[in-house]
Amino acid sequence: MKKLINGPDAFLRDGLDGMALAHADLLVLDEQRRFLRRRQPTPGKVALISGGGTGHEPLHGGFVGYGMLDAACPGQVFTSPTPDQMLAAAEAVDGGAGVLYIVKNYSGDVMNFAMAAELATGPVASVITNDDVAVEDSTWTQGRRGVAGTLVVEKMVGAAAEQGSDLDSLRRLGERVNGCTRTMGVALSSCTVPAIGSPTFALADDEIEMGVGIHGEPGRRRQAMAAADSLAAELLGHVLEDLKPQRGSEVLLLVNGFGGTPLLELYGMVSAAHRVLDAAGLRVVRHLTGSYVTSLEMAGCSLSLTRLDAMITPLWDAPVQTAALRWGR
Amino acid sequence: MSGTGSWALIEAAAGSLIAHADELTELDRPIGDGDHGINMKRGAEAVLAKADSLAALPLAELLHQSGMTLVMTVGGASGPLYGTLLLELGKALQGQADPPDRATLAAAFGQAVAAVKARGRSDIGQKTLLDVLVPLHQALAGHQPLATLGPLVLAAAEATTPMLATRGRASFLGERSIGHLDPGARSSALMVVTLLEALHQGPATVTP
Chain A
1 MKKLINGPDA FLRDGLDGMA LAHADLLVLD EQRRFLRRRQ PTPGKVALIS
51 GGGTGHEPLH GGFVGYGMLD AACPGQVFTS PTPDQMLAAA EAVDGGAGVL
101 YIVKNYSGDV MNFAMAAELA TGPVASVITN DDVAVEDSTW TQGRRGVAGT
151 LVVEKMVGAA AEQGSDLDSL RRLGERVNGC TRTMGVALSS CTVPAIGSPT
201 FALADDEIEM GVGIHGEPGR RRQAMAAADS LAAELLGHVL EDLKPQRGSE
251 VLLLVNGFGG TPLLELYGMV SAAHRVLDAA GLRVVRHLTG SYVTSLEMAG
301 CSLSLTRLDA MITPLWDAPV QTAALRWGR
Chain B
1 MSGTGSWALI EAAAGSLIAH ADELTELDRP IGDGDHGINM KRGAEAVLAK
51 ADSLAALPLA ELLHQSGMTL VMTVGGASGP LYGTLLLELG KALQGQADPP
101 DRATLAAAFG QAVAAVKARG RSDIGQKTLL DVLVPLHQAL AGHQPLATLG
151 PLVLAAAEAT TPMLATRGRA SFLGERSIGH LDPGARSSAL MVVTLLEALH
201 QGPATVTP
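Chains as they are written, first to last, in this note's numbering: chain A, 1 to 329; chain B, 1 to 208.
Next up, chain A with everything else stripped away, as it sits in the complex (with noise of 0.2 Å):
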């Protein structure tokens, strides 16, 4: 394992510190690290939280700061944080209108978050992300993971919830807006967990993992590595499949990098993608290209869609300022 640490124990915290001292002007991290927080409060609004497992930076830390998030919990690597982090969260950032959490659907991150929720003193509401169709959806399973868009959901509703929104709106907004967006992604490489020392999975040279998730665990199959064109046909096929967006309709781009991807071979995919999307009779009249939502130094990447209309297109252009993404002001 070749790394840019001090050992597995110093990975997570000089990170974190790292990342409060780079972003000084927009983020404060919690003397225990147990969140980090905007620096600028905006007063009366709900205030938004997200959180999981870290390693997939700048999800979510990076996207806390105007238009997004207030707060964003830290576990240690590919690990649920704990709710002692969402209940210390919450009383840093809720301004008295409530707290939503954003969720992304994996066992650990519910369960966690859950016990905060039935913890916590003032009303909280969650959204639940799952816009990964590699996973089958079933009443049987876990059901699907929340993947890169819960960097959509993070958006839009951060955005509604600065122009004020109340709790029980956003939360119904969270819910429409992961439900216009699917992912699915594509591993090349495997990652390494400082703290394991070797790739959590193997692939040979030639071999890819088709529906990777964003811990580097496993998809739909394993299979050998192909062209772009061919990639970007094979997921966009099983999102379109499950979105059904009619010809003609609006849809988001989002094209996310694993960690290990460089931003050339993602603006290769955005090409492969648009020929698809073009086939399929879509205008994909917003994009957003680059690693947002990571599985450490794993290579490959995700593709997602959603399905924009009237009300959630200017909550994605509407003002954000975040480490990770800013616009607009």
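Treat the hints as calculated values from the structure; they're not laboratory data. We treat Cβ as the ideally placed atom computed from N, Cα and C, and that holds for glycine. Fair warning: there could be bad hints in the mix.
Claimed, not checked - Sample of chain A residues at the chain B side, in silico, Cβ under 8 Å:
#, residue
1, G108
2, Q142
3, V193
What the hints assert, rightly or not - Which chain B residues stay away from chain A? Per the calculated CB distances, all over 12 Å, these:
#, residue
4, H20
5, T25
6, P30
7, H36
8, P58
9, V74
10, Q201
Since the structure of chain A is provided, determine the placement of chain B on it from the hints.
Same frame as chain A, now just chain B:
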């Protein structure tokens, strides 16, 4: 056996998690995300670090405090599940004789296992720790001799190997989850075996 006697059991269970951390992590790697041992060890160490304040507590309060410590330190799915088990066990034993008799313990354990099912929205046959906890409860309630419980839980954990996971991260593997021992079932079995050994060596806390 209140006070330090109960604490010795907690110490033994925590020690077994720490001793088997690498094994649990190895089990978690092919079907989870390879951190079960690391996370349980962190929780066990956090409980042991509270020896000064916990060691003299009555059993019910000790279980409650230990459960809350696991909830607040383990994270992942294991923190809420094992935390809920101990929190509910503590709640069910509140106001009962300390040490509890076997029927009381069996009833309390049944209540705690039901709470774990509710927390994880899960049940037996899904390749989780419940595949050990549920048969253990049935054996406790069914007055099976204590000496049979160790082999019973180890076999129950082994029996998760051919199962298809339908809960937790292993469920994302689908068919590929078959053929792997569930790490949560294994950690449950290890703790139970250690507790039984500690009970065998020390004064009996439950009437066999």
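Right, here's what the structure says about each hint:
{"no.": "1", "hint": "G108", "result": "holds, 4 Å"}
{"no.": "2", "hint": "Q142", "result": "holds, 5 Å"}
{"no.": "3", "hint": "V193", "result": "holds, 6 Å"}
{"no.": "4", "hint": "H20", "result": "holds, 16 Å"}
{"no.": "5", "hint": "T25", "result": "violated, 7 Å"}
{"no.": "6", "hint": "P30", "result": "violated, 8 Å"}
{"no.": "7", "hint": "H36", "result": "violated, 10 Å"}
{"no.": "8", "hint": "P58", "result": "holds, 23 Å"}
{"no.": "9", "hint": "V74", "result": "violated, 7 Å"}
{"no.": "10", "hint": "Q201", "result": "holds, 33 Å"}
Of the numbered hints given earlier, the model fails hints 5, 6, 7 and 9; all others are met.
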